[in-house]
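Peer 1: Assemble the complex: chain V is given as a structure, and chain H must be docked to it using the hints.
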Amino acid sequence: SQTIHQWPATLVQPVGSPLSLECTVEGTSNPNLYWYRQAAGRGLQLLFYSVGIGQISSEVPQNLSASRPQDRQFILSSKKLLLSDSGFYLCAWSGARNSPLHFGNGTRLTVT
Amino acid sequence: EDKVVQSPLSLVVHEGDTVTLNCSYEVTNFRSLLWYKQEKKAPTFLFMLTSSGIEKKSGRLSSILDKKELFSILNITATQTGDSAVYLCAVEPGNTPLVFGKGTRLSVIA
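Protein chains in written order, with the numbering used here: chain V, 44 to 155; chain H, 5 to 114.
Don't take every hint at face value.
Here are the simulated distance ranges between beta carbons [said to hold, decoys possible]:
{"#": "1", "chain 1": "V", "residue 1": "PRO57", "chain 2": "H", "residue 2": "LYS71", "range": "46 to 54 Å"}
{"#": "2", "chain 1": "V", "residue 1": "LYS122", "chain 2": "H", "residue 2": "ASP70", "range": "41 to 49 Å"}
{"#": "3", "chain 1": "V", "residue 1": "SER142", "chain 2": "H", "residue 2": "ASN79", "range": "20 to 28 Å"}
{"#": "4", "chain 1": "V", "residue 1": "GLY59", "chain 2": "H", "residue 2": "GLU73", "range": "43 to 51 Å"}
{"#": "5", "chain 1": "V", "residue 1": "SER72", "chain 2": "H", "residue 2": "PHE49", "range": "16 to 24 Å"}
{"#": "6", "chain 1": "V", "residue 1": "LEU125", "chain 2": "H", "residue 2": "SER66", "range": "38 to 46 Å"}
Simulated from the structure, these hints should not be mistaken for laboratory data.
Where is the CB? At the ideal position from N, CA and C, for every residue including glycine.
Chain V extracted, bound-state conformation (with noise of 0.2 Å):
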């Protein structure tokens, strides 16, 4: 069965500081592969989404930045956090056309 790993799942990092967060999948080849915020009161926002090793389409212009550097690893990246990258973080993976998103456990980021 398929599974999905997301860490931390908290984090507190100061203003300035680089960020990293990691997801991996495990029983599937070759899924799209999602990294969404979601801020109280706002839905889930679409950051970027992956459908193959290093292919990223970017939704929202912003200091953050995603890649694959694998089938099944996904990472999001900032050189310098700013305090309204504070929220709640969710990776996600759906296989073929028509089959759902799965998610993460999310991580939970305050930028100080």
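Peer 2: Below, chain H alone, put in the same frame as chain V:
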């Protein structure tokens, strides 16, 4: 622009009540509509709907899609405190990722 609107934004009911959550959408090249339940962490998948008028059911939860009127409802009968969560509706447009609504926060009190 693709859009998903959920109502109400929040709802408080007593155990045993029946609730109906609404989701309306405007998307190009509709493919499917999905419902998720989110408690404290990851949203968990409930239903995927692709055809009008066919009810999907799982225990006390059921959902139906109306592609003509562009909406879906999620029904929960005989609510329990464990049903308290944020319920998310999402729609899959043509060749782009899911578009999510802002969710409905359901609180079930004993």
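Peer 1: With reference to the structure, classify each hint as holding or not holding.
Peer 2: Here is how each hint holds up against the structure:
{"no.": "1", "hint": "V:PRO57 x H:LYS71: 46 to 54 Å", "verdict": "49 Å, holds"}
{"no.": "2", "hint": "V:LYS122 x H:ASP70: 41 to 49 Å", "verdict": "47 Å, holds"}
{"no.": "3", "hint": "V:SER142 x H:ASN79: 20 to 28 Å", "verdict": "24 Å, holds"}
{"no.": "4", "hint": "V:GLY59 x H:GLU73: 43 to 51 Å", "verdict": "50 Å, holds"}
{"no.": "5", "hint": "V:SER72 x H:PHE49: 16 to 24 Å", "verdict": "21 Å, holds"}
{"no.": "6", "hint": "V:LEU125 x H:SER66: 38 to 46 Å", "verdict": "43 Å, holds"}
When the structure is compared with the earlier hints, no violation turns up for any of them.
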